[in-house]
Each structure stands twice: as C-alpha cells, then as structure tokens.
Amino acid sequence: MNDISLNHYLFVSTALFFIGVYGFITRRNMISMLIAVELILNSVNINFIAFNKFLFPEKSEGIFFALFIITIAAAEAAVAIAIIISVYRRFKSIDADTIDTMKF
Amino acid sequence: MSVSTFFFYFFSTLMLTFGILTVTTKQLFRSAIYLLFTLINIAALYFMLHYEFIAAVQVIVYVGGIVVLILFSLFLTQQAGTHLASPSLQQIIFSSLASLCGFAFVLWLVSNAQFHLAVNTSSEYNVSDIGRHMLSFGRGGYILPFEAVSILLLAALIGCIAIAYKRPAHE
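Protein sequences, first through last, are from chains L and V. What the first sequence shows, in this note's numbering, is residues 1 to 104, in sequence order. What the second sequence shows, in this note's numbering, is residues 1001 to 1171, in sequence order.
Any given hint could be a false lead.
[Unchecked claim] Capping the alpha-carbon separation at 27 Å, the derived lysine-lysine pairs in DSSO-like fashion look like this: (1) V:Lys1166 / L:Lys103; (2) L:Lys103 / L:Lys92; (3) L:Lys92 / V:Lys1026.
[To be verified] Covered stretches of chain V, as calculated for chain L (at least 3 residues, CB under 8 Å): (4) 1010-1022; (5) 1050-1063; (6) 1099-1113; (7) 1140-1146.
Bear in mind the hints are in silico, worked out from the structure with no lab data behind them. Just so it is clear, CB atoms sit at the ideal spot from N, CA and C, and this is done for glycine as well.
Could you put together the complete structure from these sequences and hints?
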C-alpha cells in the first residue's frame, strides 16, 4: 500500500473510461454499446473508491456513491435490455444504424 | 517491489487487457465473457483497497446479475457464431484519436491536480458501519437516497415488464 498512490488508481480508471468511450463510438450493436457503458460506469466507481480511500479514509461518502451507482447501473441495464428485446421484436435487428424510423 | 504493488500491477494490467478485448473482439459472446473478467479484476482492486463489502457487491450485482442478463439477451437476439461487422478504418482512426486525446487531457489534469492526501489511510470501515449509515436519519445518514433508489428499482422492474411484454395479436 506504500508505493501505490492515488495517481495509479486514477490512471487505471481513466484508461478504462476511455476504452469504454472507444467501444461506445465504434460499436454499432446495441448490446455492445451497453457493455461499453458498463465499462464507463465501473471506471467511475474505481475513482470514487480510490478517492474515498486516499483522501477521506475516515468518511464513507465514496462507498455510498459507489453502492448507489452500482444499483442504478443494474436498473439501467435491465431497462436497456427490455428496450433492446422490444426493438428486436419489431425490427428483427439490434443494429443501431438500421433503426432509423424516427430519423428526420 | 512489495506483494501488494505486484498484485496492483497484475490486476490492473489484466483489467485493461480484458477491457480492450471487450471493445475490440468480433464475437459478441466473447465480448460479454471478457466483460465478466474485467469486472472480476475491478473487484480484486477493491479488495486491495480493503473495501471488501464493495468488492462483494461488485461480484454479486455485476458478475452475477448484469453479465448474466447481457448473456441472456444475447441468446434471445443473436444467432450463435455470427460475427459483428468491423467498423470502418476511418471510424477506428477517429474514435481512437478522440479516446487518446481525452485520455491525455484527463491525465494532464490529474498530474497537475493538488490532492490533500490523508495521513492515515488504514482506518477500519466494516459492514455494520455501512448498514448503520445506510438506514440512519441524522448526519451521514442515507435513508432518503436509499428509499429513492428502492422506488427506482421498483419502477425499473415494472417498466421492464411493460416494455418487453408481448401484447396479444388481436389488439
């Protein structure tokens, strides 16, 4: 714990965040985009936990933020998958480029 | 190099490798499995910070819940063995450029930031403290967000059924 500093954790979480951003931009399948969003949310969680550990170890705000983010991510994934299944039933495809009915 | 340093580098290297594989692999099933390994390595990082409860929640909710949900939706919407269309070269170049620029910018911000590091990072924080804070009304209590999140989960539950419900054909 001595030589691993806060900046190491911030480096790792930043790298994971932009891996998720890259995946979100390049992938066109809706489930792949959902997976990339999960990576982004997890990298933010690493930040909260690391800040809580290294800056305010006697407090607990970071822990609770991480817990609520995990809960909301679970709800978001469930709703997104329900929407994806509904879209698949109507369009027989979950490719984000082919679903352009409401595009002007 | 101490043992914890070694394990930090080990887990974070594995995590970033599996993360890159998650967003670049051609097969969607493999992408979901790589996501699972990424999440397990993130839980290992939480263990190394001595937040065992968060690590356990991470494993239970993400690995046991969300990845299984994603795998089920893959079974429902994909044929086995289909490959994803690879993005065009232009798309790869520009999106990796955007990601690298953002990465460099955030790293520059982080390296210039002045953090007031705590002197003693070895405070014990156990599960009973988390439970007491979660349900207390006073300062440091989280009863209001706890209830709000409960209502959100209930709404998500009902909303998922309403969205994915297959209506009868005669309507």
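To see whether the hints hold, each was checked on the structure:
1. Using a Cα cut-off of 27 Å, the hinted pair Lys1166 of chain V and Lys103 of chain L holds, with the two alpha carbons roughly 25 Å apart.
2. Note on Lys103 of chain L and Lys92 of chain L: the hinted pairing holds, with a Cα-Cα distance of about 18 Å set against a maximum of 27 Å.
3. Simply put, Lys92 of chain L and Lys1026 of chain V have alpha-carbon atoms about 20 Å apart, close enough for the 27 Å limit, and the pair holds.
4. Note: the segment 1010-1022 of chain V has 6 residues with beta-carbon separation from chain L under 8 Å; the three-residue rule is met and the coverage holds.
5. Counting residues of the segment 1050-1063 of chain V whose C-beta sits closer than 8 Å to any C-beta of chain L gives 8, which meets the bar of three, so the coverage hint holds.
6. Look at the segment 1099-1113 of chain V against chain L: 8 of its residues bring a Cβ nearer than 8 Å to a Cβ of that chain, three or more, so the hint holds.
7. With 3 residues having a beta carbon nearer than 8 Å to a beta carbon of chain L, the segment 1140-1146 of chain V meets the requirement of three or more and the stated coverage holds.
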